[in-house]
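Peer 1: Keeping their order, the protein sequence lines are chains A, B, C and D.
So the number in this note's numbering is just where the residue sits in the first sequence, counting from 1, plus 1053.
So the number in this note's numbering is just where the residue sits in the second sequence, counting from 1, plus 1053.
So the number in this note's numbering is just where the residue sits in the third sequence, counting from 1, plus 1053.
So the number in this note's numbering is just where the residue sits in the fourth sequence, counting from 1, plus 1053.
Simulated from the structure, these hints should not be mistaken for lab results.
From a predicted model like this one, the values you see are computed outputs, not experimental measurements.
Treat each hint with caution, since some may be false.
A pair counts as met if it fits within one copy or between any two copies, since identical chains are not told apart.
[As the list claims (entries may be wrong)] Below, a list of computed lysine-lysine pairs in the BS3-like style, where the Cα atoms sit at most 27 Å apart:
1. K1221 x K1348
2. K1302 x K1348
3. K1325 x K1302
4. K1325 x K1245
Listed below are the residues making up each chain.
There are 4 protein chains.
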Amino acid sequence: MPVTPDQQAEIDALRSQPRPTLRAVSEGAERHLYTAHPVLDHGFVRLVDYMGDDAAICQAARVSYGRGTKSVQNDEGLIRYLMRHWHSTPFEMCEIKLHVKLPVFVARQWIRHRTANVNEYSARYSILDREFYIPDPSQLAAQSTINNQGRGQALTPDESARVLEILKGDAAQTYDHYAEMISEEGPDGAAKQGLARELARMNLPANIYTQWYWKVDLHNLFHFLRLRADAHAQYEIRVYADAICEIVKDWVPAAYGAFADYRLGGAVLSAKGLECLKRMLAGEAVTQETSGMSKGEWREFEGVLG
Amino acid sequence: MPVTPDQQAEIDALRSQPRPTLRAVSEGAERHLYTAHPVLDHGFVRLVDYMGDDAAICQAARVSYGRGTKSVQNDEGLIRYLMRHWHSTPFEMCEIKLHVKLPVFVARQWIRHRTANVNEYSARYSILDREFYIPDPSQLAAQSTINNQGRGQALTPDESARVLEILKGDAAQTYDHYAEMISEEGPDGAAKQGLARELARMNLPANIYTQWYWKVDLHNLFHFLRLRADAHAQYEIRVYADAICEIVKDWVPAAYGAFADYRLGGAVLSAKGLECLKRMLAGEAVTQETSGMSKGEWREFEGVLG
Amino acid sequence: MPVTPDQQAEIDALRSQPRPTLRAVSEGAERHLYTAHPVLDHGFVRLVDYMGDDAAICQAARVSYGRGTKSVQNDEGLIRYLMRHWHSTPFEMCEIKLHVKLPVFVARQWIRHRTANVNEYSARYSILDREFYIPDPSQLAAQSTINNQGRGQALTPDESARVLEILKGDAAQTYDHYAEMISEEGPDGAAKQGLARELARMNLPANIYTQWYWKVDLHNLFHFLRLRADAHAQYEIRVYADAICEIVKDWVPAAYGAFADYRLGGAVLSAKGLECLKRMLAGEAVTQETSGMSKGEWREFEGVLG
Amino acid sequence: MPVTPDQQAEIDALRSQPRPTLRAVSEGAERHLYTAHPVLDHGFVRLVDYMGDDAAICQAARVSYGRGTKSVQNDEGLIRYLMRHWHSTPFEMCEIKLHVKLPVFVARQWIRHRTANVNEYSARYSILDREFYIPDPSQLAAQSTINNQGRGQALTPDESARVLEILKGDAAQTYDHYAEMISEEGPDGAAKQGLARELARMNLPANIYTQWYWKVDLHNLFHFLRLRADAHAQYEIRVYADAICEIVKDWVPAAYGAFADYRLGGAVLSAKGLECLKRMLAGEAVTQETSGMSKGEWREFEGVLG
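With the hints as constraints, model all of the structure from the sequences given.
Peer 2: Structure representation (structure tokens):
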């Protein structure tokens, strides 16, 4: 259960108190505020704050005093132009703050995106909760034989069962030991010192959940989403990226639309790929052998052309 | 006059339309929104948007679901603790967006603070306005004889008058020539091509005004303010920093208070300085000769101790 | 003349003293070290230092103890794979330091690339040289009628002549006035105070030359080069990007080759563009009207397909 | 044992092949190159590459063509001036690349310093080694009663023994299970699929060792060292910071000296602290009650004054 009744009460309290503001307001974003969107078995993504909307992107691009144009069409056209021509700074003028609960091994991938602000729950200061990511059996798969860093065929039911038995057993045992080490009460009820939290945490495996506040501008968020909402990203981070896409779509619909068209749904062709394409459009039957590409390049080129 | 009637009408329109939001609202910041605070002869600083408030700093530090504590005292104590112990990430959870009009030579210093988002008025796309910074006579001073990169004694009235004559004359002439070069109408009224704006702008001096949207998080803003609201900063950028300080003070009063106490009003002592201080507190009369410091270090050390 | 005899002597001295090192050495980069490659009328690009080579990219990608593979082919294959799949961190493991002399208006575009280290010649501390960028007549053009921020048709000889007359005249006059303002000697030879340099510089136009040390990692350099060695970039910055490309090509030939194929020579297609392409490859005659694209998008799409 | 014979052979090979270069060479850094300095029980820090030396800092600050001054004293004076007045950009002109082996929970603290380049060993692609950090008994301590995020009194021998038993046992068991899950051979010797590495790694605890290449400029490295070579930093990251200090001291002795004096050995006083100090120097006996400081502030103030 991702959110306790107390936490839900705090969320409800925040959602019940609209206040007047003169700032840009996105109705779509307001609907998401504070609500925890579940991800994986115990994780979530919550929108905590946002700055700006589609119009704010245009206002910044125009360095204008007011809202600039009143026309939504004009704004959308400008946003698409900016996205197409890699004008990134207007998109940086929007900012989003998320509260995310996620397994540690996902957090370790996520943090590699450096152009963001992060405040993580401190396991030096606080005690971590007993919550571990245990994959759904449908997600258990063997090492891929094509992609050296991905997963391939689904595991047999027997292997899956054994994996889940291990993950659950080790999570329970390491957490029990963590709790025992930091406890100031011995098994016999007598007082003991209890190991410092900054040390005890080292016994916890990478599927334990952590939490953080993560704040990022829209340009860098799009960069994150392009890499992590992609089929090559590990499933466990992709579902977070997908959940964030749903929020962004409602927050800045025009910018998200341009992103979906020009980045997520688009493709990059190499100079060799472009050359082949021109030959194909001129009627030539190009093969890997005559393409000048390596096998890997050709396979990916075919993938782009469907 | 920093803002035209049309621009003022746009500002007034934005200020007249409060809308409900569920986000954190800072009453102090709302009062500033969109208003142009004049700086120098034609410049200004305008608050265009903000994210977060004092409570949001604490909420992020605690990675909490709601507002966390209801006690303003607790929040202030936490904020002071975070500032004192260089916990910078909670301050990064607040963000501010400013519209600034400033001379180009000030913009060139300002932009060296890289951890910010900037959208500048494009002189490739648009025509720059005929507005130049002409210093107040009280600001005209000779090169400092102590600080190799500052100003010292005030200029004589005669020298001042000559400087102002030059600055005004060259501004007028270079702008006239700029306008002539880009004009698509010749002096005789006949059509001409007009030089591309991206080229014509090169004739304009560094005291012409430009404008930008500048967005930065509170931690990096404090870093900017510590360096630029400082007595060693050039006057023409310091007045912008001072104007921003007034806005920040109203937006996040507790965080600004901690910043003023621990950074702006504080001082850094070297290991040698600390050593001398201990000797002085023990009753010894320390001089530059017995301090182990260079003359420059000693002068600055004496400056700190008043 | 970009480099004085004294400066050339300093460069020659540095080039005459090879010293032993255990670090990775790039023969191609060594050939460029310290030499000033002329750009525009008075500018240059000089390689001052570099870290890493093609093998260092692979060594970092493999987190290896030694050089990793001895095979240059393997390294090149890995580098192409990394570039194709947007693995940017191994390219960040190479670093380059350049000394650049460039007009101020070019410096203002350049500095918008924030992920770099910069040390600029200080006009608060030092006196700027009397060197201005005066375009070659062949570069003088009218505002583009298609691209709102570029240049189009060449100016007529008459208009060109007038532009050059203005640029030269105003450069000379504003510099004379700059020199007069800071001078500590009056026109009559009597002592005067002289205006502080930090103020006097405001009279100088944007085509005056400045200098800086610029240090950047290879990933961010490629990003800079993709945007600035592009046909849409302003000519005056593109020639610097082109000069840097020549250095990088010799420094890390495999990485540069992958960059040239996958980024510089490649193209990005939108989701709509991909859809059209598939229809065209299937034999359909697609037009702008049936493409679902705007006129601007269609024009750019046709541009990609040649 | 931190380095295998094969790895040592690779290191020796690299150390045996000096090559000529025209770049700045630091003799002190050359002595460290490639050698693994042991840290904790299985970790290390190795200098893999460096850019620049003390003279390069001055050369950049002066934006000079050659080495600038020949005088080491002048250079040291300039470096101390730059450090004292927070001129950070010249220090950014030096860069260092380290290969580090470290426990995952240390890596998670370390990575929060975002202004650096990182290439970590990929547990999606490769199999992690069976190496865990097991603290020396002398390092096992209880949660601090003063500092909520540190450690206090040493554990009793009994509690220590139990902690070590847990850490060793869980490390062994979770690694055995990790190996079993990814194995393509069942316990009976029959072929099985083997769980994908990107999933199996989630069973491994935070004291397992990882490795990365870490590249950072000198300014940002000093910032890291100030926070992590500090008494408040967790012991397990502080020993890495200490090891890096030893390398930096030899690489750029003047810059390190200025850093040690002005940052590491110095102290920051608040406005209130400065005020108290002036009263104390004037002979007044100031107490916490009359200081205007909180108890925590006063305790830290007394700490600074010894």
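Peer 1: Confirm or reject each hint.
Peer 2: Hint check results:
1. K1221 x K1348: neither (41 Å within a copy, 46 Å between copies)
2. K1302 x K1348: between (37 Å within a copy, 25 Å between copies)
3. K1325 x K1302: between (35 Å within a copy, 19 Å between copies)
4. K1325 x K1245: Close neither inside one copy (69 Å) nor across copies (41 Å); limit 27 Å.
Against the hints set out earlier in the document, violations occur for numbers 1 and 4.
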